[in-house]
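Student: Whole structure, please, built from the sequences with the hints as guidance.
Keeping their order, the protein sequence lines are chains P and Y.
Note that the numbering used here gives residue 119 to position 116 of the first sequence, counting from 1, and the numbers run on in steps of one.
Note that the numbering used here gives residue 203 to position 84 of the second sequence, counting from 1, and the numbers run on in steps of one.
If you are wondering where the hints come from, they were derived from the structure by calculation, not from laboratory data.
The structure presented is a predicted model; accordingly, all values stated were derived computationally and were not measured.
There are no misleading hints in this set.
No more than 20 angstroms apart at the CA atoms, straight line, and that leaves these computed lysine to any residue pairs for SDA-like:
hint	chain 1	residue 1	chain 2	residue 2
1	P	53	Y	136
2	Y	269	Y	120
3	P	29	Y	180
4	P	405	Y	336
Spelled out from the first residue to the last, the chains are:
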Amino acid sequence: MREKYTYNCIKSEIKIEENKIQSFQKTASATQSFRIYQNGFLGVHYQVGKISDDRGFALAEEKLSLKRQYKYPLESGVRHRDKRERILTDKELMELAQECVSHLSEKYPRFVLSGSIFQRQTDEHWTNENGLDYQNIDCSVDAGIIFKHVDSKDISDGWFGFGNRNFSPEKLYEMAENYLGSFEKQIDLPEEIIVQKQYYDFYGKLTESLNAEEIALGTSLLSGKVGQKVFADSFTLLHDVSDEECWHNNFWDGEGCVTQGDKRVFIENGVVLMGYSDKRTAEKYGVPHTANAGSNYCDIPYIGWINGRIKRSDKTIKELLDGRLSVVPVAYSGGGFNDKGDYVMPVHLAYLSDGEKFLGKLPPFTLSGNMFDMFGKDFIGVGSDNPIFNDKQILVKMKGSKT
Amino acid sequence: MYKFPKDLYADVRIEEKSSSNIYIKNGEVENNMAISSVGAIVRVYDGEMWYSSVTNDIASIQDEIDNLAKLAKPNPGIVNDPMVKNLQVNQISLLVYDGDNDLRKVSRDRKMQLLEGLIADCVDKTIPEINTWEAYYNDNHKVKHFYSSKGAAITQDRQACTAGMLFKITVDGVTTTGGKHYQKMDFDGLLNHSEEIISERDRALDFARNAVDVTPGDYICVLAPVVTAMFTHESFGHKSEADFMLNDKTLRDEWVMGKKVGNEKVSICDSGDMPNHGYTPFDDEGNSACETWLIKNGVLTGRLHDAHSAAVLGEKTTGNSRAQDYQYMPMVRMTNTYMQGGSDNVDKMISEIKDGIYVYGVNYGTGNSTFTMQPNICYRIRDGRLAEPVRVNVVTGSVFRTLFDIDAVGDDFQLFDTYYCGKNDQTVPVSAGGPTIRVKSLTVN
Numbered sequence: 004m005r006e007k008y009t010y011n012c013i014k015s016e017i018k019i020e021e022n023k024i025q026s027f028q029k030t031a032s033a034t035q036s037f038r039i040y041q042n043g044f045l046g047v048h049y050q051v052g053k054i055s056d057d058r059g060f061a062l063a064e065e066k067l068s069l070k071r072q073y074k075y076p077l078e079s080g081v082r083h084r085d086k087r088e089r090i091l092t093d094k095e096l097m098e099l100a101q102e103c104v105s106h107l108s109e110k111y112p113r114f115v116l117s118g119s120i121f122q123r124q125t126d127e128h129w130t131n132e133n134g135l136d137y138q139n140i141d142c143s144v145d146a147g148i149i150f151k152h153v154d155s156k157d158i159s160d161g162w163f164g165f166g167n168r169n170f171s172p173e174k175l176y177e178m179a180e181n182y183l184g185s186f187e188k189q190i191d192l193p194e195e196i197i198v199q200k201q202y203y204d205f206y207g208k209l210t211e212s213l214n215a216e217e218i219a220l221g222t223s224l225l226s227g228k229v230g231q232k233v234f235a236d237s238f239t240l241l242h243d244v245s246d247e248e249c250w251h252n253n254f255w256d257g258e259g260c261v262t263q264g265d266k267r268v269f270i271e272n273g274v275v276l277m278g279y280s281d282k283r284t285a286e287k288y289g290v291p292h293t294a295n296a297g298s299n300y301c302d303i304p305y306i307g308w309i310n311g312r313i314k315r316s317d318k319t320i321k322e323l324l325d326g327r328l329s330v331v332p333v334a335y336s337g338g339g340f341n342d343k344g345d346y347v348m349p350v351h352l353a354y355l356s357d358g359e360k361f362l363g364k365l366p367p368f369t370l371s372g373n374m375f376d377m378f379g380k381d382f383i384g385v386g387s388d389n390p391i392f393n394d395k396q397i398l399v400k401m402k403g404s405k406t
Numbered sequence: 120m121y122k123f124p125k126d127l128y129a130d131v132r133i134e135e136k137s138s139s140n141i142y143i144k145n146g147e148v149e150n151n152m153a154i155s156s157v158g159a160i161v162r163v164y165d166g167e168m169w170y171s172s173v174t175n176d177i178a179s180i181q182d183e184i185d186n187l188a189k190l191a192k193p194n195p196g197i198v199n200d201p202m203v204k205n206l207q208v209n210q211i212s213l214l215v216y217d218g219d220n221d222l223r224k225v226s227r228d229r230k231m232q233l234l235e236g237l238i239a240d241c242v243d244k245t246i247p248e249i250n251t252w253e254a255y256y257n258d259n260h261k262v263k264h265f266y267s268s269k270g271a272a273i274t275q276d277r278q279a280c281t282a283g284m285l286f287k288i289t290v291d292g293v294t295t296t297g298g299k300h301y302q303k304m305d306f307d308g309l310l311n312h313s314e315e316i317i318s319e320r321d322r323a324l325d326f327a328r329n330a331v332d333v334t335p336g337d338y339i340c341v342l343a344p345v346v347t348a349m350f351t352h353e354s355f356g357h358k359s360e361a362d363f364m365l366n367d368k369t370l371r372d373e374w375v376m377g378k379k380v381g382n383e384k385v386s387i388c389d390s391g392d393m394p395n396h397g398y399t400p401f402d403d404e405g406n407s408a409c410e411t412w413l414i415k416n417g418v419l420t421g422r423l424h425d426a427h428s429a430a431v432l433g434e435k436t437t438g439n440s441r442a443q444d445y446q447y448m449p450m451v452r453m454t455n456t457y458m459q460g461g462s463d464n465v466d467k468m469i470s471e472i473k474d475g476i477y478v479y480g481v482n483y484g485t486g487n488s489t490f491t492m493q494p495n496i497c498y499r500i501r502d503g504r505l506a507e508p509v510r511v512n513v514v515t516g517s518v519f520r521t522l523f524d525i526d527a528v529g530d531d532f533q534l535f536d537t538y539y540c541g542k543n544d545q546t547v548p549v550s551a552g553g554p555t556i557r558v559k560s561l562t563v564n
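Tutor: Following this line, the structure appears as structure tokens:
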């Protein structure tokens, strides 16, 4: 049986350096993966650039000599998903970048701005001789602006940006007003620290702990906790590739498996339901198969692809805050979770916020918490709306100590 | 070779890369792959802007040059552009990894035998707390060709390989990871390291069994050479990259040459010529490497440049313009960066401390005005001796203060080839080095 995966990406990027457009770069990349399944073994040839199918499969057949075991049947199914909303020409992208750079540098002359604005068009396509034909096409424009105050002795002070399928410069300007317009107003650190931020940095330890193999081996913080209520009633974590704020993510896993509704719940109302697995892990450890195989398309699949999402609350960020103020970390580095699940992070730049608008800049401080508390007793929720970041965000109580 | 456009500067960088990877977990081969790729970046500069294009189709390079030239504005004075004038015209073929040491010639069997040997030596099934072990090998070999409209024609190569073992050790529901890996420039350098891996395995085991949480606070800290190396790279190395200060008066005033920025025992150097992980004899603009002393005896003496930053600041190029690969434009990056060893005895350094922290190893670090490091293994120092292992999440300090607070620099210099450095979404291989140092005060959490 034969299988072929192709990935095409066209990226147009405009680099900004010290308030000026510095460069334009166009990248067209194509990669292909040819797979041959034979007698319980998988031969894979990964090709950067173009190659004929005959040659690709011939090279894959040669790789069967590596004796890479893979005994699972191929998947089938047909689905084509095109998430594109708008495609800019390079000229339009350049005009957009020029407009953004002019606006930001004129309105905020006390800042040095760098970064980039780019458009990425991707096309992923997977077919096999068992009737599988999956394709995901997407296009987004992303802006990332690194800012530095003219009086600052740091290399940079912070960063803001976002991506969108239908990019709006006005949203970038709203972000800039929050981040740059509030920078020079200094505010004291509040006694109660409610952190408001996109939650990707926070849940890495949790998703790492949900690996079914690690749970089975006893090396996960969730080992022995499957079926138990460990987190807050309002905390539900799922794998979700239907997410409208996630770009360029396909809907199949590294073994060609899909989930119902493009979702799979792992933690529901605080109860750990199961870990995530691929076919090998599910069979080896007798756990549910959850279609979470990753693939680098160079070798056999492996466990580990998860697009983790925390279920949103019905309430907006402001409603969840209920009159309280939040702390938005912007520049932070060096810390993270330790083996015990304790979290410590030096925060170099953060703002005080009413949930939608920044009120001023906070002094540097150190943020701390624990994974079980952050998604347990200290978890407030994920808002139903997307203020500040143009993306989903968590509210969680943590400790803050001045540095 | 290529027909370059008139009244514009242009260059072409072609990269041929081969890599392989083997990963064994608890006896199962989970990864065994090899990849080869060829790609190129074409750049055109008109004095105002760069226009660049990336392709995997080497036959299309001339078309890419011609198409980019149509986007740019012809500039008859381009040869006198200060940046263009800084671009050297080197013509050389410097292939040092195409003989018997060429990693592409090492068979898969030999790589597998290396790992099987490590596994036989280092996996001890009688240790109950070790529930997962991993052995891994990876290598890469790259040949780069560079051609410019000024006449540069450079072919050079680089390679590196890694092998190591990790152990997951679970004690009371908490899993600690320990072990060691080696990065070398040729395969033979990876042989005969089992004893050191066993030593690190046992150290991690002792840590997992006995470590206690540190009491947060400010401590006198002794940094082991590998930690000093990270500190040097993160805390000061990035500040020596000149591209962050081009038109920034505040930073240019702050980092003026001749300024005292640290204790006189502190000297820091970057050199792309050394045959280590940051080996870059010619950078990705075709300029040659040189030894650049960034700090000499506590005084700021140099910084790292590409052609553009050197032109803006009126200084000499240093050969530090590097790109992750052919898909990226180069920017100012470190190569092999180290703090020079001193003359202080390490045992004496520790014996003079009544209460402090010895930072033995580090996961990663970052650098701004405040630098941070996430250690993996630390020990308390009590009454001049190493005491119990302590769990430390993060060590922080002010760069500006810490360089002055270094009051002892050890005589045990080591250079480490295991680093990769990230900046603006690009990762490049680097080396970092240093001796044991003592710092009067750092914040430990």
